[in-house]
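Student: Read off the chains here:
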Amino acid sequence: MEVILMKELLEANDKLAEENRAYFSDRHILAVNLMGAPGSGKTTLISAVARELPDLRIGVIEGDIASSIDAENLEKQGIRSSQINTCGECHLDSHVIREGADQLDLKDAIVFIENVGNLICPAEFDLGESVRLLAASVPEGDDKPFKYVPMFSYIDAVALTKCDLKDAVGFDTGNFLKGLRALSKAPVFEVSLKKGAAHSGAAEVAAYLKKKYEEMK
Amino acid sequence: MAPNGLRHRAISPLLFFAMLVFPHSFQRLLLTSGEIVFSTYNNFASPKSTEFNLRAFRYITEYCGLQRKFCFRLPFLSQLTFFPLNVKLITKTIPKREEGREPVIMHELPVVLDLLRVMDEEAKKRSLHKVSRIRLVIGELSSIIDESVQMYFEIAAKDSVCANATLEFEHRPAVLKCLKCGKEFPHEKSFSCPDCGGDATLVKGTGREFYIESFDGE
Chain P
502 MEVILMKELL
512 EANDKLAEEN
522 RAYFSDRHIL
532 AVNLMGAPGS
542 GKTTLISAVA
552 RELPDLRIGV
562 IEGDIASSID
572 AENLEKQGIR
582 SSQINTCGEC
592 HLDSHVIREG
602 ADQLDLKDAI
612 VFIENVGNLI
622 CPAEFDLGES
632 VRLLAASVPE
642 GDDKPFKYVP
652 MFSYIDAVAL
662 TKCDLKDAVG
672 FDTGNFLKGL
682 RALSKAPVFE
692 VSLKKGAAHS
702 GAAEVAAYLK
712 KKYEEMK
Chain X
978 MAPNGLRHRA
988 ISPLLFFAML
998 VFPHSFQRLL
1008 LTSGEIVFST
1018 YNNFASPKST
1028 EFNLRAFRYI
1038 TEYCGLQRKF
1048 CFRLPFLSQL
1058 TFFPLNVKLI
1068 TKTIPKREEG
1078 REPVIMHELP
1088 VVLDLLRVMD
1098 EEAKKRSLHK
1108 VSRIRLVIGE
1118 LSSIIDESVQ
1128 MYFEIAAKDS
1138 VCANATLEFE
1148 HRPAVLKCLK
1158 CGKEFPHEKS
1168 FSCPDCGGDA
1178 TLVKGTGREF
1188 YIESFDGE
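Heads up: the sequence lines are chains P and X, in that order. Each residue of the first sequence is one higher than the one before, starting from 502 at the first, in our numbering. Each residue of the second sequence is one higher than the one before, starting from 978 at the first, in our numbering.
Derived by calculation from the structure, the hints in this document are not laboratory data. Watch out, some of these pointers could steer you wrong.
Partial chain X-side listing against chain P, Cβ under 10 angstroms, derived [what the hints assert, rightly or not]:
{"no.": "1", "residue": "1084"}
{"no.": "2", "residue": "1099"}
{"no.": "3", "residue": "1118"}
{"no.": "4", "residue": "1128"}
{"no.": "5", "residue": "1131"}
{"no.": "6", "residue": "1138"}
{"no.": "7", "residue": "1141"}
{"no.": "8", "residue": "1144"}
{"no.": "9", "residue": "1145"}
{"no.": "10", "residue": "1163"}
{"no.": "11", "residue": "1179"}
{"no.": "12", "residue": "1186"}
{"no.": "13", "residue": "1191"}
Everything numeric in this text was worked out from a predicted model, so none of it was measured. Note that CB positions come from ideal geometry on N, CA and C, so glycine has one too.
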């Protein structure tokens, strides 16, 4: 006999994501799922944004398949971090977020969840975050929104990093925006965190996140 | 409380003590089983016992000198429990780790395990003893890959009600809507309208499907 089911899979992750959402809300935490390709500048962006928000408590749940380089780096800068190693799993999912959050043990804070460097899989797994921020770097090319449709349609905001390299790699901002706009209304923050850059753009990202945090009250 | 849940609850404290008393034998069990130790097929455990199990698991992995990575090997599952039968089941399905090779598990594996759990429940509900065909709908924007699902399914379904079942995959594209002429079209290669060439925007929610549409059973 044929049975019509229409049953969602990935329910387990989504259920846990909702629990995480409630957990963050109870503790007045703005959870930011920061995604991007490997080397797109996620960790650097977190440091820069944290420096722009000295009055706010910042925590980071670091996701990598191996090593604690990023968490150690951030701790050295005085940013509270907990490292999660997925050992091959190509993205973070809801279950491990709770572990990391418990380790941080924060309230009234902005918590960055720095996802595993990957432009594909994290767009499938809701972590219970409030903001989905993508670090898209200029050297990756202006055609990425056309190629990585799941990710670019998933996010709430884009930090376009390494803007000082636009000329060097022939980055067409118009083309990038064209691709993005077909998929999302996400604001784009142009950022250049190279030492000595005149205007880093980190302040705008910080202001955006601060606004989101205050809207949570 | 279902019988499964009772059995699971009784075993967990025993297993906990066994692991304390015989840490090395258990360590051997964990190592020979490869990388996956704890799994669950049922959601009958209460949140409290899950909490207990998670703490015990953390304690034991540290006590036995095992790395914490075992904690996250199957992070996708809704609960971690100690359940000896599940350990056996999983060790049958996952190949032993080769010396020096880091095993990589694609995220289709937890998806398949979840699929089998759902099929098990649904078959029981309807007193079916065999599932012959399952139809899955996967959206274009999903990162789930048919071949990986098929691969894990063939191994993991062996002793279940879905053994030898055929998987059918239906793909749904993301749908774009032209901002100029309003035409809706499936995303193929371009974001531009096939009729007027205008810019288009994604119709929210399309392409993200991932569900079991139907199945055949007897």
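Student: A separate judgement is required for each hint: does it hold in the structure or not?
Tutor: Hint check:
no.: 1; hint: 1084; in the structure: holds, 7 angstroms
no.: 2; hint: 1099; in the structure: holds, 6 angstroms
no.: 3; hint: 1118; in the structure: holds, 4 angstroms
no.: 4; hint: 1128; in the structure: violated, 16 angstroms
no.: 5; hint: 1131; in the structure: violated, 18 angstroms
no.: 6; hint: 1138; in the structure: violated, 13 angstroms
no.: 7; hint: 1141; in the structure: violated, 18 angstroms
no.: 8; hint: 1144; in the structure: violated, 12 angstroms
no.: 9; hint: 1145; in the structure: violated, 12 angstroms
no.: 10; hint: 1163; in the structure: violated, 12 angstroms
no.: 11; hint: 1179; in the structure: holds, 5 angstroms
no.: 12; hint: 1186; in the structure: holds, 9 angstroms
no.: 13; hint: 1191; in the structure: holds, 5 angstroms
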